[in-house]
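Asks: In case you want the letters, here they are:
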Amino acid sequence: GENVEQHPSTLSVQEGDSAVIKCTYSDSASNYFPWYKQELGKGPQLIIDIRSNVGEKKDQRIAVTLNKTAKHFSLHITETQPEDSAVYFCAASKDSGGGADGLTFGKGTHLIIQP
Amino acid sequence: DAGITQSPRHKVTETGTPVTLRCHQTENHRYMYWYRQDPGHGLRLIHYSYGVKDTDKGEVSDGYSVSRSKTEDFLLTLESATSSQTSVYFCAITSDRLQALHFGNGTRLTVT
Numbered sequence: 001g002e003n004v005e006q007h008p009s010t011l012s013v014q015e016g017d018s019a020v021i022k023c024t025y026s027d028s029a030s031n032y033f034p035w036y037k038q039e040l041g042k043g044p045q046l047i048i049d050i051r052s053n054v055g056e057k058k059d060q061r062i063a064v065t066l067n068k069t070a071k072h073f074s075l076h077i078t079e080t081q082p083e084d085s086a087v088y089f090c091a092a093s094k095d096s097g098g099g100a101d102g103l104t105f106g107k108g109t110h111l112i113i114q115p
Numbered sequence: 116d117a118g119i120t121q122s123p124r125h126k127v128t129e130t131g132t133p134v135t136l137r138c139h140q141t142e143n144h145r146y147m148y149w150y151r152q153d154p155g156h157g158l159r160l161i162h163y164s165y166g167v168k169d170t171d172k173g174e175v176s177d178g179y180s181v182s183r184s185k186t187e188d189f190l191l192t193l194e195s196a197t198s199s200q201t202s203v204y205f206c207a208i209t210s211d212r213l214q215a216l217h218f219g220n221g222t223r224l225t226v227t
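Each protein sequence line maps, in turn, to chains V and B.
Under the working numbering, the first residue of the first sequence is numbered 1, with each subsequent residue one higher.
Under the working numbering, the first residue of the second sequence is numbered 116, with each subsequent residue one higher.
Some hints could be false.
To be verified - With a straight-line cut-off of 27 Å between C-alpha atoms, the simulated DSSO-like cross-links for lysine-lysine are:
{"no.": "1", "chain 1": "B", "residue 1": "185", "chain 2": "B", "residue 2": "172"}
{"no.": "2", "chain 1": "V", "residue 1": "42", "chain 2": "B", "residue 2": "172"}
{"no.": "3", "chain 1": "V", "residue 1": "58", "chain 2": "V", "residue 2": "22"}
{"no.": "4", "chain 1": "B", "residue 1": "126", "chain 2": "V", "residue 2": "42"}
{"no.": "5", "chain 1": "B", "residue 1": "172", "chain 2": "B", "residue 2": "126"}
{"no.": "6", "chain 1": "V", "residue 1": "68", "chain 2": "V", "residue 2": "58"}
{"no.": "7", "chain 1": "V", "residue 1": "22", "chain 2": "V", "residue 2": "57"}
{"no.": "8", "chain 1": "V", "residue 1": "42", "chain 2": "V", "residue 2": "22"}
{"no.": "9", "chain 1": "V", "residue 1": "42", "chain 2": "V", "residue 2": "57"}
{"no.": "10", "chain 1": "V", "residue 1": "58", "chain 2": "V", "residue 2": "71"}
{"no.": "11", "chain 1": "V", "residue 1": "107", "chain 2": "B", "residue 2": "172"}
{"no.": "12", "chain 1": "V", "residue 1": "71", "chain 2": "V", "residue 2": "57"}
{"no.": "13", "chain 1": "B", "residue 1": "185", "chain 2": "B", "residue 2": "126"}
{"no.": "14", "chain 1": "B", "residue 1": "185", "chain 2": "V", "residue 2": "42"}
{"no.": "15", "chain 1": "B", "residue 1": "126", "chain 2": "V", "residue 2": "107"}
These aren't lab readings, by the way, just hints derived from the structure by calculation.
Chain V extracted, bound-state conformation (with noise of 0.2 Å):
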């Protein structure tokens, strides 16, 4: 089945600065990567995907990329503020529809914002 490995477990960064948490993934078929962001206490929240056709998504301070060749892909937070520390997860589908049911997760990356 699909393995999803997430790197670094913990990851700590001075506010104003970048942070980038990267994935990696075994199945070629995956097509549907999405990242989570998750508050202490609650759940998981989307924060950004991206499929297969794509290379690269923004959204404001947030990018995905991806490379299907190498099997990676990346999280990119720029300008980085004290409410973006949480606990991050990325996952990839290996079910040809992109279905939810298909998802594997990564086991997160802790961020932590520095003042």
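Assemble the complex: chain V is given as a structure, and chain B must be docked to it using the hints.
Replies: Then chain B, alone, in the frame of chain V:
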């Protein structure tokens, strides 16, 4: 929270007792999912439903059963709880399999 309510939010139970967790949605979404979240494992799919009375197993379904008798409710049952089922359980919904999941705020279950 996309109109998702999980109950209870916290529960402590003893090994061998049955436990039922409830997920209630007000979005009229077709698809509903149960995940468990454990340190070092991320989120793992237990069971999912693609309609009333239509359910299927996920990656870690052993020891769990589900039921969906109404669109808005998806129940997760541990027939005989074990300590290995101590976890945080999340319900998620989506209107379309190709769309993003929306998660509830979770139920923290402790089996002693």
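Asks: For each hint, tell me whether it holds in the structure or not.
Replies: Verification of the supplied hints:
In summary, the hint linking residue 185(B) to residue 172(B) is supported, as the alpha carbons are separated by about 19 Å, within the 27 Å threshold. For the proposed pair residue 42(V) and residue 172(B), the alpha carbon gap of about 25 Å is at most 27 Å, so the pair holds. This hinted pair checks out: residue 58(V) and residue 22(V) have alpha carbons roughly 16 Å apart, not beyond 27 Å. Of the pairs offered as hints, the one joining residue 126(B) and residue 42(V) holds, with about 16 Å between alpha carbons and a cut-off of 27 Å not exceeded.
With a C-alpha separation of about 24 Å, the suggested pair residue 172(B) and residue 126(B) falls inside the 27 Å cut-off, and the hint holds. Proposed proximity of residue 68(V) and residue 58(V) is supported: the alpha carbons are some 18 Å apart, at most 27 Å. The hinted pair formed by residue 22(V) and residue 57(V) meets the criterion: a straight-line CA distance of about 15 Å does not exceed 27 Å. For the hint pairing residue 42(V) with residue 22(V), the CA-to-CA distance comes to about 23 Å; that is within 27 Å, so the pair holds.
Taking the CA atoms of residue 42(V) and residue 57(V), the gap is near 26 Å; set against the 27 Å cutoff, the hint holds. A threshold of 27 Å between alpha carbons decides the hint, and for residue 58(V) with residue 71(V) the separation of about 19 Å falls inside it, so the pair holds. Between residue 107(V) and residue 172(B) the alpha-carbon distance is near 21 Å, which keeps this suggested pair within the 27 Å criterion. Among the hinted pairs, residue 71(V) with residue 57(V) is consistent with the structure: their alpha-carbon atoms are about 17 Å apart, no more than 27 Å.
Under the criterion of a C-alpha separation no larger than 27 Å, the hint pairing residue 185(B) with residue 126(B) is consistent with the structure, at around 24 Å. For the suggested pair residue 185(B) and residue 42(V), the alpha carbons sit about 25 Å apart, so the restraint of at most 27 Å is met. As the CA atoms of residue 126(B) and residue 107(V) are separated by approximately 24 Å, the hinted pair is consistent with the 27 Å bound.
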